[in-house]
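Colleague: Each chain is listed here by its residues.
Protein chains: 4
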Amino acid sequence: MADIYKTLKEEAWEANMEIPRRSLAIYTWGNVSAFDPARAVFAIKPSGVAYDVLKAEDLVVVDLEGKVADGKLNPSSDTETHRVLYREFVRLASAGSSAIKGITHTHSTYAVAFAQAKRPVLVFGTTHADHGAEEIPCTEYMDAEAVQNNYELETGNLIVDTFKKQNKNPLHMPMILVAGHGPFAWGKDAAQSVYHAAVLEEVCKMAHLTLALDPHAKPLPEHLIRKHWERKHGPNAYYGQKKK
Amino acid sequence: MADIYKTLKEEAWEANMEIPRRSLAIYTWGNVSAFDPARAVFAIKPSGVAYDVLKAEDLVVVDLEGKVADGKLNPSSDTETHRVLYREFVRLASAGSSAIKGITHTHSTYAVAFAQAKRPVLVFGTTHADHGAEEIPCTEYMDAEAVQNNYELETGNLIVDTFKKQNKNPLHMPMILVAGHGPFAWGKDAAQSVYHAAVLEEVCKMAHLTLALDPHAKPLPEHLIRKHWERKHGPNAYYGQKKK
Amino acid sequence: MADIYKTLKEEAWEANMEIPRRSLAIYTWGNVSAFDPARAVFAIKPSGVAYDVLKAEDLVVVDLEGKVADGKLNPSSDTETHRVLYREFVRLASAGSSAIKGITHTHSTYAVAFAQAKRPVLVFGTTHADHGAEEIPCTEYMDAEAVQNNYELETGNLIVDTFKKQNKNPLHMPMILVAGHGPFAWGKDAAQSVYHAAVLEEVCKMAHLTLALDPHAKPLPEHLIRKHWERKHGPNAYYGQKKK
Amino acid sequence: MADIYKTLKEEAWEANMEIPRRSLAIYTWGNVSAFDPARAVFAIKPSGVAYDVLKAEDLVVVDLEGKVADGKLNPSSDTETHRVLYREFVRLASAGSSAIKGITHTHSTYAVAFAQAKRPVLVFGTTHADHGAEEIPCTEYMDAEAVQNNYELETGNLIVDTFKKQNKNPLHMPMILVAGHGPFAWGKDAAQSVYHAAVLEEVCKMAHLTLALDPHAKPLPEHLIRKHWERKHGPNAYYGQKKK
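Residue numbers (full-length UniProt numbering), protein chains in the order written: chain A, 1 to 244; chain B, 1 to 244; chain C, 1 to 244; chain D, 1 to 244.
Computed footprint of chain B on chain D; a stretch qualifies when at least three of its residues, placed anywhere within it, have a C-beta under 8 angstroms from a C-beta of chain B:
{"id": "1", "stretch": "124-131"}
{"id": "2", "stretch": "207-219"}
{"id": "3", "stretch": "224-233"}
Calculated directly from the structure, the hints in this document are not laboratory data. Quick caveat: nothing in here was measured; it's all calculated off a predicted structure. Glycine is no exception: its CB is placed at the ideal position from the N, C-alpha and C atoms.
Use the sequences and the hints to build the structure in full.
Modeller: Structure follows, in structure tokens:
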């Protein structure tokens with residue numbers, strides 16, 4: 001029987017392999033998923049499997065109710081977080097936004113440092129502005145009750161709530177720091193979500209080094225932030241080889 | 001004649017080779033041992049032999065009285081430290097604990113920095129809590145008398161005493177910093193001990209970068225520490241592919 | 001028909017490939033161009049094309065009026081900056097200076113940190129003095145009007161104006177930091193421009209670490225700065241295998 | 001005709017190749033020499049030749065009067081510094097010390113940072129004490145007159161004078177920082193000199209990270225410094241596989 005999830009699992013597998021290639025996590029401390037809106041399922045890394053033995057067929061396919069649709073292994077322990085985020089992204093999409101179809105979680109070192117210090121990342125330069133025209137948010141700590149309830153699902157809720165409270169749009173800011181934990185990033189596909197996770201790590205490293213030179217460093221003026229965001233993401237974007 | 005220590009030496013050799021692969025020490029500044037409780041011996045790296053010429057048959061087998069049971073080379077100069085720790089772990093095991101069968105010593109850079117600054121590593125995030133629900137301890141400096149006596153054996157005693165004084169259980173906290181020197185880590189086998197040494201280095205780097213952002217950074221709330229420890233090590237652990 | 005720009009494109013391609021090799025930018029965050037004074041054109045990286053699929057024939061040839069002379073892809077979004085700089089360098093050349101025929105732009109991490117902190121890099125040591133006998137300048141932020149006008153062209157003007165205001169000669173100081181953005185470097189050919197970009201990153205890292213040890217670190221005494229500059233670039237230069 | 005310097009040039013070449021392998025300098029910013037006391041000559045890297053094209057036969061042989069004994073290329077611009085140091089080491093040897101037969105100069109990043117901040121490196125831990133039982137010295141800046149005279153020769157004199165003023169023995173402290181410039185290291189052969197240059201870089205990185213955690217970090221107690229030095233270098237040294 002043909003595997004109807006083969007392409008989705010291969011896409012998720014390829015994106016997962018970027019985590020060790022780009023040094024975004026050591027051992028098994030990261031995971032990427034790829035979402036198929038037609039079937040309302042996502043393929044995600046199995047829990048605790050090392051990247052150097054991970055095969056595309058090991059990926060686990062989970063639906064938006066959290067039921068395993070395909071795969072023999074346990075899905076990532078962070079599966080419930082991915083699920084809540086996809087559910088929210090689908091909700092946003094039905095309101096007219098374009099879809100988000102990939103999510104990446106890592107423990108990349110500089111992003112974790114900002115998460116541990118509970119600091120959002122200000123827009124200190126154009127590298128940041130090229131990928132988001134506002135600060136990268138950091139959540140509050142999850143409270144004890146939510147942790148008791150369903151920790152990983154509540155991590156997803158915490159991310160969604162932080163975006164709502166701060167009036168941020170996940171289509172414009174594709175990354176967040178979960179306080180005391182680490183980064184989550186997303187994108188139009190699994191590959192772009194891991195790209196955003198790598199951007200986040202590099203932007204955090206640049207911000208860390210900037211703050212070491214000047215603890216009171218000021219963010220980039222707004223007109224420069226807008227310009228860099230617009231030239232890549234605005235209606236007249238001109239970066240790259242074709243319009244989106 | 002068959003080498004009854006062949007498997008033990010191969011396990012220790014494989015774990016030793018992780019030290020250069022994971023950049024946990026340059027040159028010969030690290031060593032791993034693997035313990036066989038049935039024979040009450042451990043295989044350890046020979047002293048001062050470079051990793052790129054190290055072969056499994058070069059490993060030295062030493063018993064718990066410190067006598068060389070097998071091998072032509074001098075064992076690591078840190079052998080007495082390993083011996084004292086295995087003796088202590090066996091003592092704990094007979095009191096009902098599960099066994100520790102691997103020990104790793106490195107001079108990994110960030111862990112050494114904390115050891116040189118004589119600072120324990122607070123639990124700033126979930127990366128740390130996933131591997132220990134408490135701060136990573138740092139010993140006091142060894143006093144002049146102990147140094148005169150038997151330096152490497154006393155290093156083992158210093159580690160054991162620090163755990164006793166701080167009422168810590170080596171099964172729950174698999175790593176320590178020896179003041180002014182560097183890290184020791186252990187685990188259920190040699191591979192896990194070197195894994196813990198790599199975790200320690202990464203956790204120290206994350207803590208260092210966190211403290212640079214906020215010298216007064218607060219540890220993670222206790223309910224988050226407990227949750228992360230329990231989901232990997234508690235009676236209902238659900239991380240990975242099978243229960244321990 | 002023979003490609004009259006083949007050699008120029010190959011030179012520019014080879015220099016572009018140094019960006020990932022020397023870790024001067026991740027993904028597509030850098031570009032190098034090579035200038036041909038006889039034809040008054042330069043070959044530059046196409047916009048947003050990944051280095052691992054970039055071929056020499058993909059390079060785009062642009063003339064000093066900004067018209068594409070050869071190539072099917074869109075040139076780098078930074079093309080106008082390169083163009084303004086080459087136009088200025090040609091102007092200087094006609095006043096008797098030797099030509100500059102290569103430009104490199106990257107987002108290398110430490111150079112970006114100085115640019116984001118809006119700090120010039122003082123001459124703290126001989127590594128710096130070997131490549132420039134004065135501080136590495138940092139521009140002001142571009143104002144809102146210039147950004148509206150033609151951002152990338154104005155980035156070139158900002159660089160040229162900063163050199164004029166500070167009375168600096170681009171032949172003696174082959175690098176600059178654009179405030180809130182990142183570094184540009186140039187040289188006698190494309191290869192030397194990327195060499196200068198790598199030097200800039202290393203000098204910035206050394207300066208960053210020096211300032212961490214002493215926030216009030218003093219620059220090298222003038223007699224040592226002159227000596228190091230002269231032994232490599234003066235009329236009696238004696239470094240290397242032949243006089244220029 | 002047989003090349004009587006073949007072995008010496010190969011030894012120096014092999015040690016030079018360690019500089020890029022161990023990331024002790026980028027491009028051509030380092031050099032190693034190997035000394036032959038019988039012929040009173042040393043083989044040194046040619047000036048400005050890239051490591052990836054450097055061949056053993058390119059090495060230049062220079063005698064203690066500074067005359068090229070063999071080789072077609074210009075020797076390293078730092079040749080006079082090496083020469084002064086070998087002359088001094090020979091002088092010490094004739095007073096009964098064992099010979100030093102290799103010298104390495106690099107621009108390794110953390111060592112340069114200490115040199116640029118003009119800070120000696122205190123003995124913060126056993127990694128340092130294993131290789132020297134005292135602080136790593138840093139010279140003063142060279143004065144303008146010495147620079148005018150013969151800069152590279154005077155760099156050698158500055159090193160020798162710093163050791164004399166501080167009553168240090170180059171056989172016990174095999175490395176130094178030249179203020180505002182960078183590190184020099186030496187050893188019983190070329191290989192050991194580059195080993196000491198790598199040790200210096202790692203010890204400087206550890207010290208830098210220690211000072212970031214505690215700007216007033218205290219050095220290791222003397223009894224621990226002595227112990228680590230003695231177990232590797234004392235009359236009863238027991239590290240490694242055989243007594244010296």
